[in-house]
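Participant: The primary structure of each chain is shown beneath.
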Amino acid sequence: MKLVADVAVTSGGFALRAALEAAAGEVVAVAGPNGAGKSTLLRALAGLVPLDAGEIRLGERALDAPAAGVFVPPAARGVGLVFQDHRLFPHLSVLDNVAFGVRANGAPRDTARRRAAEWLERAGASHLAAKRPAALSGGEAQRVALARALAIEPALLLLDEPLAAIDAGSKPALRRLLAAELRGRSGPSLLVTHDPVEAAVLGHRVTVLEGGTVIEAGSPAELAAEPRSEYVADHVGLNVFRGAASGHALTIGDGAELRLASACEGAFTAVVHPRAVSLYPARPDGSPRNTWPATVAAATPFGECVRVRLDGAIPIVAEVTAPAAADLALAPGRPLWVSLKATEIQVVPG
Amino acid sequence: MTRAGPRGDRGLPPWWIAVPAIVALALLGLPIAGLLARASWVRLAADLASPEVVAALRLSVVCSLAATALALALGLPLAWILARGRLPGLRWLRALATLPMVLPPVVGGVALLFAFGRRGLVGRWLATSFGVTLPFSAGAVVLAETFVALPFLVGAAEAGFRQVDRRYEEAAATLGAGPLRTLIGVTLPLALPSLGAGAALGWARALGEFGATITFAGNLPGVTQTLPLAVYVALETRPEAAIALSLLLLAISVAVLAVLRDRWLAP
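Keeping their order, the protein sequence lines are chains D and L.
For the first sequence, the residue numbers in the working numbering are 1 to 350.
For the second sequence, the residue numbers in the working numbering are 351 to 617.
Honestly, the hints are just simulated from the structure, not real lab data.
Glycine is no exception: its CB is placed at the ideal position from the N, C-alpha and C atoms.
You may find that some hints are simply not true.
Negatives, chain L to chain D, calculated, CB over 10 Å [to be verified]: (1) Pro370; (2) Leu375; (3) Glu402; (4) Leu407; (5) Gly435; (6) Arg441; (7) Leu443; (8) Ala465; (9) Val482; (10) Arg517; (11) Leu540; (12) Val573; (13) Glu590.
Just so you have them, the derived chain D footprint on chain L, three or more residues with Cβ under 8 Å [stated by the list, open to error]: (14) 521-528; (15) 533-539.
Quick list of in silico lysine to any residue cross-link-like pairs, SDA-like style, CA-CA up to 25 Å [as the list claims (entries may be wrong)]: (16) D:Lys171 x D:Ile252; (17) D:Lys131 x L:Pro438; (18) D:Lys131 x L:Tyr518; (19) D:Lys341 x D:Ala322.
I would like the entire structure built from these sequences, with the hints used as guidance.
Facilitator: This is the structure in structure tokens:
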């Protein structure tokens, strides 16, 4: 089931006009600065804000199409939304919070409570079942909110800044849970975030919203190679390497290894900003742990700098200044050496 | 001479505030003291057990509970509209819903008579179409009590509905809950403290209703003579019974205050 949305909403002087698609099983991260319209986009998709123009289709079904006079109310959409502020019902226990949606979707009480207990277990929150939301920490509440949204098995899952209000201590485990649940989904998922690392790690693709419009969409590496705005260049365009960590090595793709600054074990993702990647005409001496030969695939000027896409054992995007680009005689096919300090690699679980 | 700063200020008000305040407390407290002083505690049980007292008590309880139920059934939807509606003339509706609170109850009774009386606006139609005549029946007692209780219930419930955080209703909608399930599962439970306070206030007002009842429903022992009417009548003939009944109503009032203590007695 595919999401095809062309969203036009005007409210309080702010106009959102954004088109995006998400295939079945795909996780699209929606990134952008504050006030870009990210939350409004989610509210429109959930049916909490009606479209002024455009259309939202989920599979064969039109959810909102003003031109055709179609508006499916939120309750009938099969769209789950995890709110940034959780919005757990304060008068219900954690278990009843999760069971609420299952009940609302037609399951009898006992079935709903049993299914709720299963989803709490999956979210690692079984021990919280009898508690009231007021007694939960931010991380616990987010687990419960996620379980509550997943429990209705929504065709489309929307997450609004799921890790933004979580203390640093609970973040890695929660990110791991999110990554596992998002990758296991059969329907499309949309993840709104202002954290580029989160977007890069959890999303298959990133859609960048700025000032109410989509300015760029693609994989983080594509965005890194050809950024179309300062925001993308500074925040969203990143090199992302998923792999298996063992000790100080992260094995990615076909046997290539990145050396890490600290030891890790398990599934990890390395995130590297293009500015942290250095290029040399010949093999450099010195301390960088990660050095490998590469050839220039493309060089795209951006502002005062040039973004260089490189093929090699580890395909990567680097940023160099215009004079440096001239010194390096950047051109497709030019052989260079890539160097990356281990300390410039941000490693996140998942 | 120097004035002490914070140390001299022990939270004592100046005399020109303290004296009127004490007089006000005396005005409120002395009648209660007078009532308690005149009560013959030994005979209380016997006074309360007399047949006319029991009849008045039963009628009062049944009618006031029926009036509260009716006020809830009609008042909650009205309160919801007042809190959530976007109609243009909403302030006039709110004024109408508050009117019985400020209207002299006797005037309310007269008005009810001309609306639901045998020759009243609606009463004539009720009589000719259904053969129902309301005045001077227990039904009239319930109607009069509902009339005076509604503003208390509607006011408290409207405030309660307003206080409910709409974000929870949005969350319920995204979980697949339609309007009715959202109302029953989320809105009403979240507004429950206010609804309970409104129901308790409305019930207390219905139980104490005098003016509208005696005007619209009359004062027929066993049929329309509620506790307050019985107190009034008994004061002429059997003052000790009047005192016993008054103590009973006083106890009920104190109990209602105890129920409402968190909402109305907290500063």
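Participant: Going by Cβ atoms, does leucine 540 (chain L) stay more than 10 Å from chain D at every point?
Facilitator: Leucine 540 (chain L) is in fact no farther than 10 Å from some Cβ atom of chain D, at 6 Å.
Participant: Please confirm whether leucine 407 (chain L) is truly not at the interface, meaning its C-beta sits more than 10 Å away from all C-beta atoms of chain D.
Facilitator: holds (36 Å)
Participant: Run the distance test for lysine 131 (chain D) versus proline 438 (chain L): straight-line Cα separation, threshold 25 Å.
Facilitator: violated (44 Å)
Participant: Taking beta carbons only, do three or more residues of the segment 521-528 of chain L come closer than 8 Å to chain D?
Facilitator: holds (count 8)
Participant: Would you say glutamate 590 (chain L) is clear of chain D, with no C-beta pair closer than or equal to 10 Å?
Facilitator: holds (48 Å)
Participant: Closer than 8 Å, Cβ to Cβ, for at least three residues: run that test on the segment 533-539 of chain L against chain D and report holds or violated.
Facilitator: This one holds; 3 residues, not fewer than the three required, reach chain D with a Cβ under 8 Å.
Participant: Quick one: work out the minimum CB distance from proline 370 (chain L) to chain D and report holds if it exceeds 10 Å, violated otherwise.
Facilitator: Nearest chain D Cβ is 43 Å from proline 370 (chain L), so the label holds.
Participant: Compute the least Cβ-Cβ separation between valine 573 (chain L) and chain D, then decide whether it is above 10 Å.
Facilitator: Fine: 43 Å to the nearest Cβ keeps valine 573 (chain L) off the interface.
Participant: Check the hint pairing lysine 171 (chain D) with isoleucine 252 (chain D) against an upper bound of 25 Å on the C-alpha distance.
Facilitator: Judged against 25 Å, a Cα distance of about 23 Å means the pair holds.
Participant: Run the distance test for lysine 131 (chain D) versus tyrosine 518 (chain L): straight-line Cα separation, threshold 25 Å.
Facilitator: holds (18 Å)
Participant: According to the definition I'm using, a residue is off the interface if its beta carbon is farther than 10 Å from all beta carbons of the partner; does alanine 465 (chain L) meet that for chain D?
Facilitator: Alanine 465 (chain L) clear of chain D: closest Cβ-Cβ about 40 Å, beyond 10 Å.
Participant: Is the claim that arginine 441 (chain L) lies outside the interface with chain D correct, judged by CB distances over 10 Å?
Facilitator: holds (25 Å)
This entry does not satisfy hints 10, 11 and 17, going by the numbered hints stated previously.
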